[in-house]
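**Q** These protein sequence lines map, in sequence, to chains A and B. Just so we're aligned, residue 1 is where the first sequence starts under the numbering used here, counting upward by one. Just so we're aligned, residue 117 is where the second sequence starts under the numbering used here, counting upward by one.
Quick caveat, the hints were computed from the structure, so don't treat them as lab data. Among the hints, a few may not be true.
What the hints assert, rightly or not - In silico SDA-like pairs for lysine to any residue, Cα to Cα no more than 20 Å straight-line:
1. Lys174/B with Leu162/B
2. Lys217/B with Glu56/A
3. Lys11/A with Asn157/B
Said to hold, decoys possible - Examples of chain B residues lying across from chain A (beta carbon under 10 Å, computed):
4. Gln122
5. Ser125
6. Cys207
Each residue gets a CB set at the ideal place from its N, CA and C atoms; glycine is no exception.
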Amino acid sequence: DTGVSQDPRHKITKRGQNVTFRCDPISEHNRLYWYRQTLGQGPEFLTYFQNEAQLEKSRLLSDRFSAERPKGSFSTLEIQRTEQGDSAMYLCASSPQPDRVGYGYTFGSGTRLTVV
Amino acid sequence: AQSVTQLDSQVPVFEEAPVELRCNYSSSVSVYLFWYVQYPNQGLQLLLKYLSGSTLVKGINGFEAEFNKSQTSFHLRKPSVHISDTAEYFCAAATTDSWGKFQFGAGTQVVVTP
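The following block holds chain A by itself, in its conformation from the complex (with noise of 0.2 Å):
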């Protein structure tokens, strides 16, 4: 168990450019979230899913955001016609099912992004 590992580590990108995050959640979890943090903040929620079913968008998630989990195991967060105010750390974190709120929940080291 290598724990939950997003990939890339940093992207920089040019206004206007899509670009596509990974996550590969802990093998036996059920339920993977993506959260953003930006500078000087605490991570805000941005959506789950438990297996390949998204239950929940915040409103943070614009339209020019979607996530997959198309086959209940790795996840994709894609943002496109990137703005600088996308310019922060994509955080995803798993958890087992059942799950009991923090209980077994692990996050991955994030992606940060940077809009130039």
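Given chain A, work out where chain B should sit, using these hints.
**A** Here is chain B on its own, set in the frame of chain A:
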């Protein structure tokens, strides 16, 4: 909905001195409370959590926190810090109807100097 306020954005402390990080929450329903630590360029690591029971909870690396319902607080303490405790600390809350969706505070940067 719940909210979490961390009262100090930065706390400087000398090595081997005690430290307290303050966290207040607000919620219309029962909450679960957590403290996470984040080292540079890393994800978040759970220090401790309060779900129910004893209001004094002990975590990893010598940290402890006390849940105070009347003051809606969950302050984190360590009696003697090390240089390696330099990091950002986040208080977080979740409720039974927000499974896995944490509300984080803005964080407290702890800087330990010799």
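**Q** Evaluate each hint against the coordinates.
**A** Results for each hint:
no.	hint	verdict
1	Lys174/B with Leu162/B	12 Å, holds
2	Lys217/B with Glu56/A	10 Å, holds
3	Lys11/A with Asn157/B	13 Å, holds
4	Gln122	8 Å, holds
5	Ser125	8 Å, holds
6	Cys207	8 Å, holds
When held up to the earlier numbered hints, the structure conflicts with none and fits them all.
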